[in-house]
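Participant: Let chain A serve as the given structure and place chains B, C and D with the ligands on it in line with the hints.
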Amino acid sequence: MSATVASYSVSYHQFLDREGRLIGDQAPALAKDYQQLISLYELMVETRTFDRKAVALQRTGQLGTYASCLGHEAAHIGIGSAMRAEDCFAPMYREYGAQFYRGVKMSEVLLYWGGDERGNNFSGPTHDFAWCVPIATQYLHAAGAALAFKLRGEKRVAVTVVGDGGSSKGDVMEAMNAASAYDLPLVMVIVNNQWAISVPRSKQNKAKTLAQKGIAAGLPSIQVDGNDIIATRWAMEKAIENARKGEGATVIEMITYRLSDHTTADDASRYRDPADVEEAWKSEPISRLRAYLEAEGVWNESEQARLDKQAAEKVEAAVKEYLGTPTPTIESMFDYMYAQIPHDLQAQKEAALKDAE
Amino acid sequence: MSATVASYSVSYHQFLDREGRLIGDQAPALAKDYQQLISLYELMVETRTFDRKAVALQRTGQLGTYASCLGHEAAHIGIGSAMRAEDCFAPMYREYGAQFYRGVKMSEVLLYWGGDERGNNFSGPTHDFAWCVPIATQYLHAAGAALAFKLRGEKRVAVTVVGDGGSSKGDVMEAMNAASAYDLPLVMVIVNNQWAISVPRSKQNKAKTLAQKGIAAGLPSIQVDGNDIIATRWAMEKAIENARKGEGATVIEMITYRLSDHTTADDASRYRDPADVEEAWKSEPISRLRAYLEAEGVWNESEQARLDKQAAEKVEAAVKEYLGTPTPTIESMFDYMYAQIPHDLQAQKEAALKDAE
Amino acid sequence: MAKVALVEAVSMAMAHALREDEAVVVMGEDVGINGGVFRATAGLQQEFGDQRVIDTPLAEVMIAGMAVGMAAQGMKPVIEAQFMGFVYAMVDHIISHAGRMRHRTRGRLSCPMVLRMPFGGGIHAPEHHSESTEAMFAHMPGIRVVIPSSPSRAYGLLLAAIRDPDPVVFLEPKRIYRWGKEEVPDDGEELPLDVCFVLRDGSDVTLVTWGAMVKETLEAADKLASEGISAEVIDVATISPLDMDTIIESVEKTGRCVIVSEAPRNCGVAAEIAANLADAGLYNLHAPVKRVTGYDTVMPLYRMEMKYMPSVKRILGAVNEILEVS
Amino acid sequence: MAKVALVEAVSMAMAHALREDEAVVVMGEDVGINGGVFRATAGLQQEFGDQRVIDTPLAEVMIAGMAVGMAAQGMKPVIEAQFMGFVYAMVDHIISHAGRMRHRTRGRLSCPMVLRMPFGGGIHAPEHHSESTEAMFAHMPGIRVVIPSSPSRAYGLLLAAIRDPDPVVFLEPKRIYRWGKEEVPDDGEELPLDVCFVLRDGSDVTLVTWGAMVKETLEAADKLASEGISAEVIDVATISPLDMDTIIESVEKTGRCVIVSEAPRNCGVAAEIAANLADAGLYNLHAPVKRVTGYDTVMPLYRMEMKYMPSVKRILGAVNEILEVS
Ligand SMILES: Cc1ncc(C[n+]2csc(CCOP(=O)(O)OP(=O)(O)O)c2C)c(N)n1
Ligand SMILES: Cc1ncc(C[n+]2csc(CCOP(=O)(O)OP(=O)(O)O)c2C)c(N)n1
Ligand SMILES: [Mg+2]
Ligand SMILES: [Mg+2]
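Residue numbers (this note's numbering), protein chains in the order written: chain A, 37 to 393; chain B, 37 to 393; chain C, 70 to 395; chain D, 70 to 395.
Excised from the complex, chain A in its bound form (with noise of 0.2 Å):
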């Protein structure tokens, strides 16, 4: 005997074509409200401003190595937007555009990677989760959250974000997993940029889809196209939306690709082709969402020349508050690992200040 006892799928949606036509009558209204549009291109255009900053003042010794967010625009600012100011957002590293979406500065963020940890003390949420580098562990600090909001009864959700490469890693499984066992108000969101570092998506392993993985746990588990911030932004409202009312998880799968290298210690001409690159740049989201705004008639040259101007001097002021900002004290090494420095600790600072004078 033998029968079917469980099946699934993943749907994959798309609203606005790489020309920035939208494509079939499915559309969220969101495609017609321009002015909330117009609003995230606007930051999507910031973000790349900032980013392309961000990459020049690392190349001028002037900040560290930078993991820069170059194409991941509608997909970062996508997640930010669909947030509520009291859901808590757990990043990896570069998704500065739904962090200034949040209110993090961008400042804060030149901070960070200038190599001091008052970037982590930032203006977004003070519940947000800070950068997290150890790969895919932020899965799981989401799903805690989650679960705090709900032992509390808060109506509260908890997003989080991962890569394509770190989505290989058992904390972002045992994630999903909890998410099913606790039924969690939590969005797991995968963005695949199809690369991690230089290892190619298709080595991560040979599912059809990542957002696949959410299946295991018999969460809803979907695909976006991750450069259409029309359907980024829909499916984090509609994963919230039930999170919130308590319906529990979803997995989001959105593809996109790193246009940069993978951070600016990273050559990637070293493995990969020049050509795709090229290729990947046509399917970009900041160009397809302006041809769509010029077409319905909302958005023009002079528009865009006001916004360049606008953002180049956002960013010029940021990075003119984070190269001004004076070096951290000793005591700053000290003064934060504990509430109550203990007594062989405070021997230890004393010990440096004493050396450091």
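Everything labelled a hint here was simulated from the structure, so no lab data went into it. Keep in mind it's a predicted model, so treat the numbers as computed, not measured. Treat the hints with caution; some may be incorrect.
Here are the computed lysine-lysine pairs in the BS3-like style, where the Cα-Cα straight-line distance is at most 30 Å [as the list claims (entries may be wrong)]:
hint, chain 1, residue 1, chain 2, residue 2
1, B, Lys242, A, Lys242
2, A, Lys244, A, Lys274
3, A, Lys274, A, Lys191
4, C, Lys376, B, Lys356
5, C, Lys322, B, Lys385
6, D, Lys376, A, Lys89
7, D, Lys322, D, Lys284
8, C, Lys376, B, Lys385
9, B, Lys242, A, Lys191
10, D, Lys376, A, Lys385
11, A, Lys239, B, Lys356
12, D, Lys292, D, Lys376
13, D, Lys250, D, Lys292
14, B, Lys390, B, Lys141
15, B, Lys390, C, Lys376
16, C, Lys284, B, Lys390
17, A, Lys68, A, Lys274
18, A, Lys244, B, Lys274
19, A, Lys242, B, Lys186
20, A, Lys244, B, Lys191
21, B, Lys89, A, Lys186
22, A, Lys281, B, Lys239
23, A, Lys191, A, Lys242
24, B, Lys244, A, Lys191
25, B, Lys281, B, Lys191
26, D, Lys292, A, Lys385
27, C, Lys376, B, Lys141
28, B, Lys191, A, Lys242
Residues on chain C that point at chain A, a partial pick, calculated with CB under 10 Å [unchecked claim]:
hint, residue
29, Met144
30, Gly168
31, Arg171
32, Gly211
33, Asp263
34, Val267
35, Ser309
36, Asn389
Positions of the beta carbon are idealized from the N, C-alpha and C atoms, including for glycine.
Facilitator: The following block gives chains B, C and D with the ligands in isolation, referenced to the frame of chain A:
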């Protein structure tokens, strides 16, 4: 635009119902291969006889904590009997039935639980892994073995087992992911006996099956009645054959029930309803196979009496061998740490020998 | 007042904390209806419900990672590793996050969690059930490491650990879970997380230990007393931060020190104590500092485990060796 | 012969091992076409193919666990943790299996694997990229821990590590990956895995160190020499097993010892060395044993990292402190 990009399902397979009647007309040849079925049946009975004796030894202070396999005989022997000697088995800790088939001696199982490492230097295939207490880690050892076989071009298959509880660990998902990434000759069994000590299956996650964990990595994933040896053996044979042919890995969930306490250190009456256990006894694997064999006219009371006697004698001999094994030496604490004992440890060894005088 | 065992005092402290602070939750494998494999959480789920005392899927990385997330969001999770042998999968989240959350965010987020677990050998348990790797945690910045060795110290130290605003690893010496019962009032009084306990005054030699080895060390001290040798016995209790002042003060008096620990020797906590004596304590030393420790081997399976564990005989041997030195 | 840097010597040793033994495979994240994020595996996949030099999914537990399985089945995997900050997820398989496989099976199975990784601070890297937790591995039974500090020692020690029939953790001081180039003949000559290297003879004080701190320590010795103080410098190199004989012999001569390590202080390898001096070396000590180490804090982000790392100044300070003592 929305499109389905991937679809998966999990099928369930059973050939013998709990009364021992064949269901459907798809039963594999084994159902009529009475000689082989009888030999499997004999091992199931011997294993159970052994198991009861081991628990008794623990109760009388002659054995340490012991993990019973009561009720798992069809699952374990289905696994072990489908493998070739050159295949590699990475067990958890209660698959004695599989191991007996592969040549491990009953006295060796007792030695291990009797607190003696020599039990792990067993008479089964020398490449088989030892019992593995840190739950789920064995999955990755099996994946590593499978990769070794593949890299060396050997037509060997690695087989591993985890429990319903252990299937929540990241190691399991990372192994499945690796199996997909590297197309490994690997069979990953989840023996779902409904309990992880006191935690019921339902608390591990809310997915319909545990088999569907394999879908995360795009692997064929099926469920079988783990108390039906025709089904467990059939599923294992198919999966092992696929793996040997280079067609990759399979995930098999075997549904059974832990009829005993978790180990002799556990008291299951604290957390589960005796009525559930009683109900589970109705599905246990040995009586159903016996009923089938008797109905087919190939087994009877006197055969059973002969078998019972033979099993008892075998077990008695094993106990005798176990109890007669002399205490390990002090040297043995040191001599297997490295191929060549380093100087610091040599000094510790000499001190220990002196202290023991 | 009825006397309680160490494991019951652990339970009492958790119950007290659950009662006084609703941010406290207890989480782990089998901590719920089963009450933990050692009964350390017995009765807690019955009293506080399954939203406060929470069974988890079998996934240590998950338990640790979620605890970090919960703690950062204002909860006070008290998580259990079922045995110390299963804590290794948790180490990443403990070292990379629990110990860094406050520092990394300049105090914006913190990680007030307790990771408790039974540790140590000597109970005839299976493989991986007898670990003593406290040094691994002591080496991690931002983590306190606490080890009680009596019911009252278990109660007071665990309460303090749970109330502490930073992460604490709390190691319970399971070999003495049911040894040395004491009356322990459930008065909510905590003990300090940074001082040693002098269990016995003495003038000829200082014996420093912690956890279950307190038992053998006190026995050795008794034995020495019967031979006219006066041993001071110190229970370190708070492995990190380490109260070297108390130890050095004792050695100032006795001039001799033996450190007893069942952990492997290489880079253990005993080394840290001896290293401090070789520095700040050097001029008080009349004789070499001896470490009586487990060997740098795997803890053997149970037929041989008592050959691995430091014995009274080995402690006495070390003391005699340095007493011969004048 | 062209001079090579430490990271190139690491590469050479791997290439030599891949050539001489087909059981050897190199595995890790980005070790293939990318040649590793530090170029330590540059060119290896091109020479040996993708069945010998294997990119892995991004999954540290998997890499460690599979290496254990492969090693037990006769391969000799040389795996890489991309940075030491990401090794913690591997610890479970290393301590629970790699270090126990031979012991557990009475020699039936073994685990001849090498886990290599860049470690240490000082390169202006992001968070979690500057770890020095070698003590964690030194505390684990059944694991060798090796740290080279020059190109030739990197070559000889890594070859020995790969050929060794047991698991070796091989830590590469990335701050000096490209410092101190040397001629290193690719002659397949290995170095012993259990002896210290005396880098400089001296008579007034013994400076003991390893890894990248060898640089500052040698600088300090130069400085001392210019002041007429003769410092012996020892590169421990094999952290476990630790060659205390060489160190004690040196201290017999000098009477003074300063141990330099960038790892956190509490329970570090420096403590183990000092503890041995407090025991077997006590009667040779004319002054307290000083440890110049990292603090028991998180390694700060890069603006402050050089304030964390032991400096030449701090080393000289410690030496002067104990030289004043007569
Ligand atoms: C646990 C861990 N392992 C390795 C690294 C080093 N590392 C940093 S980013 C990266 C690749 C990440 O790829 P992916 O998850 O796809 O995210 P992306 O960078 O592409 O956004 C690696 C291997 C790390 N930070 N953490
Ligand atoms: C990593 C790890 N965590 C915890 C334990 C303690 N433990 C031993 S068996 C067990 C339950 C296992 O349940 P399951 O995986 O369903 O296997 P079963 O025992 O039911 O066959 C637990 C929690 C362990 N051995 N290893
Ligand atoms: Mg990626
Ligand atoms: Mg089970």
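Participant: Indicate, hint by hint, whether the structure satisfies it.
Facilitator: Against the structure, the hints come out as follows:
1. B:Lys242 with A:Lys242: holds (25 Å)
2. A:Lys244 with A:Lys274: Holds, at about 23 Å.
3. A:Lys274 with A:Lys191: holds (15 Å)
4. C:Lys376 with B:Lys356: holds (25 Å)
5. C:Lys322 with B:Lys385: violated (34 Å)
6. D:Lys376 with A:Lys89: At roughly 29 Å apart (the allowed maximum being 30 Å), Lys89 of chain A and Lys376 of chain D satisfy the hint.
7. D:Lys322 with D:Lys284: Judged against 30 Å, a Cα distance of about 23 Å means the pair holds.
8. C:Lys376 with B:Lys385: holds (11 Å)
9. B:Lys242 with A:Lys191: holds (22 Å)
10. D:Lys376 with A:Lys385: holds (11 Å)
11. A:Lys239 with B:Lys356: Not satisfied, since the Cα-Cα distance of roughly 53 Å exceeds 30 Å.
12. D:Lys292 with D:Lys376: holds (20 Å)
13. D:Lys250 with D:Lys292: holds (22 Å)
14. B:Lys390 with B:Lys141: violated (35 Å)
15. B:Lys390 with C:Lys376: Holds: Lys390 of chain B and Lys376 of chain C sit about 12 Å apart, inside 30 Å.
16. C:Lys284 with B:Lys390: Holds - the C-alpha atoms of Lys390 of chain B and Lys284 of chain C are around 23 Å apart, at most 30 Å.
17. A:Lys68 with A:Lys274: holds (18 Å)
18. A:Lys244 with B:Lys274: Judged against 30 Å, a Cα distance of about 23 Å means the pair holds.
19. A:Lys242 with B:Lys186: Judged against 30 Å, a Cα distance of about 17 Å means the pair holds.
20. A:Lys244 with B:Lys191: Distance of about 27 Å is within 30 Å: holds.
21. B:Lys89 with A:Lys186: Not satisfied, since the Cα-Cα distance of roughly 48 Å exceeds 30 Å.
22. A:Lys281 with B:Lys239: This hinted pair holds, its Cα atoms lying about 22 Å apart.
23. A:Lys191 with A:Lys242: violated (37 Å)
24. B:Lys244 with A:Lys191: holds (27 Å)
25. B:Lys281 with B:Lys191: Given pair Lys281 of chain B, Lys191 of chain B holds - Cα atoms ~8 Å apart, limit 30 Å.
26. D:Lys292 with A:Lys385: holds (26 Å)
27. C:Lys376 with B:Lys141: holds (27 Å)
28. B:Lys191 with A:Lys242: Roughly 22 Å between the alpha carbons, so the hint for Lys191 of chain B and Lys242 of chain A holds.
29. Met144: With a minimum Cβ separation of about 5 Å from chain A (threshold 10 Å), the hint on Met144 of chain C holds.
30. Gly168: holds (8 Å)
31. Arg171: Holds: closest Cβ of chain A sits about 5 Å from Arg171 of chain C, inside 10 Å.
32. Gly211: Constraint on Gly211 of chain C satisfied, holds at 5 Å.
33. Asp263: Holds: closest Cβ of chain A sits about 6 Å from Asp263 of chain C, inside 10 Å.
34. Val267: violated (17 Å)
35. Ser309: This interface hint holds because 8 Å falls under the 10 Å limit.
36. Asn389: Interface hint status for Asn389 of chain C: violated (32 Å vs cutoff 10 Å).
Hints 5, 11, 14, 21, 23, 34, 36 from the list above are not met by this structure, while the remaining hints are.
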